[in-house]
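Asks: These protein sequence lines are chains Z, A, U and S, in that order. Oh and the first sequence: position 228 is 228 in this note's numbering, straight run, nothing missing. Oh and the second sequence: position 8 is 8 in this note's numbering, straight run, nothing missing. Oh and the third sequence: position 321 is 321 in this note's numbering, straight run, nothing missing. Oh and the fourth sequence: position 21 is 21 in this note's numbering, straight run, nothing missing.
Any given hint could turn out to be false.
Said to hold, decoys possible - To give a feel for the contact side, a few chain S residues facing chain U, derived at Cβ under 10 Å:
#1 Thr113
#2 Phe222
#3 Ala224
#4 Thr288
Stated by the list, open to error - Some chain Z residues flagged as far from chain U (calculated, every beta-carbon gap over 10 Å):
#5 Glu121
#6 Thr155
#7 Ile201
#8 Met237
Just so you know, these hints were derived from the structure itself, not from any lab. Each residue gets a CB set at the ideal place from its N, CA and C atoms; glycine is no exception.
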Amino acid sequence: MKIIESPELDAFRDECRAWLADNVPREKRPPEGPAMRDFDLAWQKRQYEGGWAGVSWPKDYGGRGLSVLEQLVWHEEYARAGAPPSGSMFVALSHAGPTLIVSGSKAQKARHLPTILRGEENWCQGFSEPGAGSDLAALKTRAVIDGDHLVVNGTKIWTSYGHLATWQELLVRTDPDLPRHKGISWVICDMRTPGIDIRPIKAMSGLTHFCQVFYDDVRIPLANVVGEVNGGWRVAMTTLGFERGTGTIAHQIELSNTVDRLIAAARDLPAADGRGRVIDDGAVVADLATLRAEVLALRSLTAASVSRGMREEVPGAEGNIVALWFGELSRRVHAAALDLLGPRGLERGGDHDWPLHYLEAYKWAIGGGTSEIRRNAIGERVLGLPKGPSAR
Amino acid sequence: MKIIESPELDAFRDECRAWLADNVPREKRPPEGPAMRDFDLAWQKRQYEGGWAGVSWPKDYGGRGLSVLEQLVWHEEYARAGAPPSGSMFVALSHAGPTLIVSGSKAQKARHLPTILRGEENWCQGFSEPGAGSDLAALKTRAVIDGDHLVVNGTKIWTSYGHLATWQELLVRTDPDLPRHKGISWVICDMRTPGIDIRPIKAMSGLTHFCQVFYDDVRIPLANVVGEVNGGWRVAMTTLGFERGTGTIAHQIELSNTVDRLIAAARDLPAADGRGRVIDDGAVVADLATLRAEVLALRSLTAASVSRGMREEVPGAEGNIVALWFGELSRRVHAAALDLLGPRGLERGGDHDWPLHYLEAYKWAIGGGTSEIRRNAIGERVLGLPKGPSAR
Amino acid sequence: MIVDLHPTEDQRMIEESVRAFLADRLPVERLREPAHQGGAAEAAAWAELTALGLFGLGLDEARGGLGLGLAEEALVARALGLHLVSPSVVAQMIAPHLAPDDALRAALVAGETRAAFANRIGEAGGHLIDGAGASHAVLLAGGVALIGIDALGSPEPVDAIDETVRIARMLAAFPAAPRDAASDRALLLLAAYLTGIAQATRDMAVAYAITREQFGQPIGAFQAIKHMAADMATRAAAAEAQCFHAAVTFGRGLDDGIEAAAAALLAETAALANAGANIQIHGGMGFTAECDAHLYLKRAHLLASLAGGRRLHQRRLLGTAS
Amino acid sequence: MIVDLHPTEDQRMIEESVRAFLADRLPVERLREPAHQGGAAEAAAWAELTALGLFGLGLDEARGGLGLGLAEEALVARALGLHLVSPSVVAQMIAPHLAPDDALRAALVAGETRAAFANRIGEAGGHLIDGAGASHAVLLAGGVALIGIDALGSPEPVDAIDETVRIARMLAAFPAAPRDAASDRALLLLAAYLTGIAQATRDMAVAYAITREQFGQPIGAFQAIKHMAADMATRAAAAEAQCFHAAVTFGRGLDDGIEAAAAALLAETAALANAGANIQIHGGMGFTAECDAHLYLKRAHLLASLAGGRRLHQRRLLGTAS
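Assemble the whole structure, with the sequences as input and the hints as a guide.
Replies: And the structure:
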């Protein structure tokens with residue numbers, strides 16, 4: 001346990017900060033749709049041109065080739081500067097790109113990594129299915145080899161920005177006779193291929209970020225398989241090591257800012273009974289103080305996770321602890337906002353659309369593994385408790 | 001939904017109240033041991049002599065033969081008068097006696113009901129075993145028929161007041177070849193029988209109320225079997241209807257009194273920082289108010305349970321809702337006490353021994369079915385959710 | 001006092017007729033269509049709602065009502081919550097009790113004059129909820145008062161968390177009303193509505209947990225889901241028991257204000273927690289606008305806000321607020 | 001600032017040597033014997049505890065210490081919590097930092113002069129914890145101060161929730177001490193001790209859940225138990241991360257008071273919740289005095305109280321308390 005510091009890192013941090021101060025977009029990011037995607041791509045392009053795309057990505061493909069420490073500093077300064085979320089670039093930057101770096105062929109890397117870093121193309125994810133949400137290994141989308149192509153039939157759901165993406169990282173079942181986790185392949189799918197039908201799904205917040213994607217005899221070149229045919233599960237599992245726990249820093253700092261904003265509002269707003277301010281109620285103090293402690297702990301848990309990530313090639317199940325803490329905390333923070341802001345807090349729009357953020361916050365305890373699935377993983381893979389007879 | 005009232009019930013209530021006002025023991029009840037047992041028996045005797053034992057028990061065996069409404073009124077007035085807990089008489093009055101009334105032979109009733117009501121003999125329960133706590137049907141204590149006796153070998157645990165009781169309601173396995181719930185018999189066991197070894201267990205509160213009981217070739221007359229041999233599960237299950245949901249009224253009112261006592265303490269005690277009183281902190285208001293609402297709900301849930309009980313012969317699984325609510329609330333109430341009383345609240349003894357009550361409160365979410373087992377029952381038997389593959 | 005919480009035959013009939021009508025004419029799915037939101041579907045069914053006797057249920061016969069009690073009104077309000085009926089229908093049930101004269105009262109009971117909820121937000125005006133067609137507002141302002149809608153100034157539409165109601169922001173300032181028997185009655189009906197939300201979401205979650213399979217079995221077989229559902233059932237049962245206990249004993253010597261505040265606190269907690277758990281149990285589907293789960297969550301927030309919020313109930317429970 | 005929370009080789013060695021010593025000489029089971037309670041077992045191991053360097057660990061070498069940091073002290077305090085070592089050992093670690101002169105400091109580091117915790121209860125005196133053999137008290141009074149034990153008046157033994165420590169009630173009145181760097185350091189060590197309790201109870205519950213069978217399988221296979229254990233692990237991890245993050249960054253420009261208050265709040269919550277869950281997972285056995293589970297619960301309450309309690313931490317986190 002120590003503070004990692006060096007004149008070089010300090011200089012790098014100053015450099016990040018200076019560039020971000022000059023370059024973070026001042027205009028409001030569109031909330032959804034093609035305008036949002038174009039904004040995200042343009043911002044990525046600007047980062048690339050400034051030399052800030054892919055801080056720890058290989059130099060050969062347009063990255064900076066620096067270490068996880070610089071990557072960490074960049075993430076921190078990025079979030080502190082209030083830079084926009086990576087949004088529709090997230091899968092490309094934090095998942096598909098890293099997967100290709102670890103498991104892609106030279107040709108696949110050369111084709112895709114530069115277009116990601118330059119903000120020319122973005123990606124979406126095709127993992128979950130209507131019958132395989134929490135239980136990913138139950139996926140049924142079928143791919144049959146036909147000559148030098150795979151022919152895909154089936155459907156994927158919860159595909160973020162599927163209607164706005166150029167490429168998709170797609171898990172398909174290439175051999176239904178093998179055990180569940182075998183027989184799956186990881187494929188690069190061009191979203192413009194004939195036979196793909198994309199149906200956007202509106203979330204309860206009113207935003208349309210998700211899609212269901214239908215595949216009807218969709219032909220994908222065999223050359224687009226990453227890793228081995230039937231080796232997709234391993235490809236998907238080893239991806240996660242690349243970010244080394246830094247991927248959630250932006251969300252962590254954003255949530256911390258939200259708590260600060262909430263505390264400021266409680267100091268500012270008159271109490272419901274007209275006497276004093278909202279913060280004068282000890283119950284409000286207790287709630288907000290607990291949330292402040294919990295976001296500090298989120299920062300600390302993230303630091304612990306990055307500390308482990310710097311030493312492990314394949315991340316352990318401990319990441320589920322950070323994810324569980326974040327998911328539950330995020331919902332509590334936003335629920336507390338609605339609780340203490342009173343009736344005015346129910347109005348949409350405004351400087352900070354509290355109901356929108358509250359409704360969106362539900363996704364963190366559902367998407368990418370529900371809190372229940374994460375508790376299973378913590379119980380079984382961190383604590384070593386026996387599997388239930390049901391979770392085969 | 002209505003208020004049940006009649007001049008007769010009002011008169012009965014006045015009668016209860018008057019007798020209790022004159023007769024409730026003023027001396028402090030000993031906290032444990034034979035002195036406590038003797039106190040409990042003497043108080044039962046006094047109730048019997050006053051004509052108040054077994055308000056709804058059959059007249060033939062010394063009861064008053066009145067309806068559930070009078071029983072309810074008696075329970076309410078009993079608790080309001082601050083009358084002592086039934087303690088070491090609880091099993092006899094609330095479980096073994098009712099079981100005999102419903103399932104006992106004439107001879108069994110004639111032998112036991114009067115001695116219970118007169119406070120001459122008390123009972124304990126022999127259901128749980130070290131390997132069969134939550135899973136009662138897994139009990140292993142064996143009873144083999146030998147002539148006109150059962151010969152019992154095995155052990156029971158969590159037997160409240162086992163070292164202080166004359167009789168025991170004992171569940172034994174009389175046929176190990178039958179399915180788990182079959183092959184069990186309900187037996188009246190004389191605790192003075194040779195071969196019985198009783199080992200008291202100290203609770204974490206320091207009180208010794210529980211025992212483990214060992215049976216080494218204990219001979220019990222076959223005539224002591226209640227209901228059929230191998231029919232004990234049904235006997236045990238149908239018992240519970242007798243109380244018609246009134247059995248928990250004393251605990252409910254006691255918990256309500258505890259919350260009132262706590263609120264009074266918060267109004268009275270200076271705040272930790274010396275400014276004002278403990279109650280001036282809005283967080284304390286929030287906690288105590290929530291507890292007050294929750295004990296009111298406990299009262300209302302109990303009323304709902306009694307309303308159902310007046311109409312059903314065999315109680316449904318809804319009783320688990322009241323028990324779950326009570327168990328969790330009881331622990332929260334006492335934890336709140338320690339929290340708001342500060343360091344002084346950690347001292348033992350005093351007018352109200354808060355740590356003692358806090359530590360004892362853990363039993364309600366553990367004893368007689370843990371909160372987890374109750375949630376299973378609510379999920380499966382109230383809501384109709386499917387059984388897990390494990391809870392065979 | 002012995003309180004029998006089992007519904008009488010008459011109570012069961014009233015509740016069932018209202019439920020049957022609502023299931024037929026105002027099913028929750030109607031809210032998927034903007035055209036049926038904002039009280040529009042209720043306006044279309046107004047004659048039948050009036051004919052069901054909803055608006056004079058708890059009013060003395062001498063005052064033009066059916067002479068039933070608060071318990072019957074609460075049963076109806078709970079049914080309205082189960083179906084996410086426009087809060088204006090609850091307002092219309094409350095309004096006749098507040099009417100200052102016979103003519104207005106009769107017009108309210110007959111459904112000819114219509115009321116909607118408005119709530120006071122500190123000194124800064126307030127919100128009018130589903131006010132289309134209403135000439136009067138049941139103003140929730142600590143206590144409760146019936147006022148002409150003109151007194152609200154010119155309400156200006158705003159978007160709010162629950163897009164299935166129409167909310168207008170008013171800029172006129174209103175004095176707080178004192179807590180009295182009428183406001184305790186109103187609070188209990190809001191609590192009953194919230195209890196309906198808690199029960200509807202429990203039932204929706206259970207139905208989904210029985211049919212939806214993951215890992216080769218219905219998700220309701222997993223303890224994580226089963227226990228979440230059991231907690232939903234327990235919260236709903238507590239809110240229900242307290243709500244109806246308070247309603248049936250209303251005016252009988254206990255402290256109605258404390259009983260009503262307890263009901264409102266428990267019902268708010270149960271409605272919000274159950275609506276959230278229902279979304280969680282529905283997983284990704286629950287997060288979408290295609291699934292009705294979010295409608296309950298949003299309405300629960302709105303109703304909890306109308307009822308005054310848990311901090312107010314808590315202060316009342318300890319007598320540290322008026 | 002990049003904070004590496006992975007222990008250095010030196011840190012690992014220090015922690016392991018302390019843990020090995022405690023496992024050997026002060027296993028938790030010792031507390032089943034009254035003769036080993038109240039700091040008696042620690043007194044018997046005093047020479048070795050001193051020889052391990054515990055009491056000068058974080059003190060500058062110039063002031064007679066080992067020159068290590070707060071992080072190393074926190075690792076040791078956590079180990080003390082894992083073994084429910086007498087709080088006086090923590091007091092002895094804090095005391096040298098508070099000593100006003102070299103002689104007293106040297107005597108404390110050498111273990112020749114002994115200290116124990118005392119805490120101030122409002123204006124009304126306070127408690128002295130395991131004070132046998134101590135001549136000085138580390139007085140926890142909002143802030144922290146080292147005073148001669150004579151100043152406490154004549155302490156009078158009382159029974160308290162944790163019967164494995166000896167508590168005396170003092171009647172002398174003490175002024176509150178201001179919060180300063182020393183009190184933040186002390187608070188962090190108490191938080192580390194509570195984190196130890198949270199982790200020990202997590203591990204005890206997991207070990208039991210793996211071996212204990214019900215319904216034909218280890219209870220840890222049931223989601224109800226598994227998820228309870230997962231929540232225990234998560235709470236413990238949060239407390240641990242915050243505690244060590246605060247310790248390693250101490251004095252480096254962040255607000256140490258807020259960081260320490262957060263650590264104390266999370267560690268109190270984790271210790272109390274995990275100690276309670278450990279009892280719940282142990283079922284009936286956990287409720288008995290024969291199972292060690294209750295020892296952790298009782299000590300958690302005592303330490304939470306010494307640390308000042310969650311309401312104080314909360315006010316500090318928002319800057320609404322000194």
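Asks: Take the hints in turn and mark each one as holding or not.
Replies: Quick rundown of the hints versus the structure:
Annotation: Thr113 of chain S was flagged as interfacial toward chain U, and the flag is violated, the nearest CB pair being 49 Å apart, outside 10 Å. A least Cβ separation of about 6 Å between Phe222 of chain S and chain U falls short of the 10 Å threshold, and the interface hint therefore holds. A hinted interface residue such as Ala224 of chain S counts as satisfied when its beta carbon comes closer than 10 Å to some beta carbon of chain U; here the least separation is about 4 Å, so the hint holds. Checking Thr288 of chain S against chain U: minimum C-beta separation of about 26 Å lies over 10 Å; hint violated.
Here Glu121 of chain Z stays apart from chain U, with its beta-carbon at least about 26 Å from theirs, past the 10 Å limit. At the 10 Å boundary, the C-beta of Thr155 of chain Z stays outside the reach of chain U, the nearest C-beta of that chain being 13 Å off. The claim that Ile201 of chain Z is not at the interface with chain U is violated, since a C-beta of that chain comes within 10 Å of its own (minimum 5 Å). Distance check on Met237 of chain Z: its Cβ is at least 18 Å (rounded) from any Cβ of chain U, clearing the 10 Å threshold; non-interface status holds.
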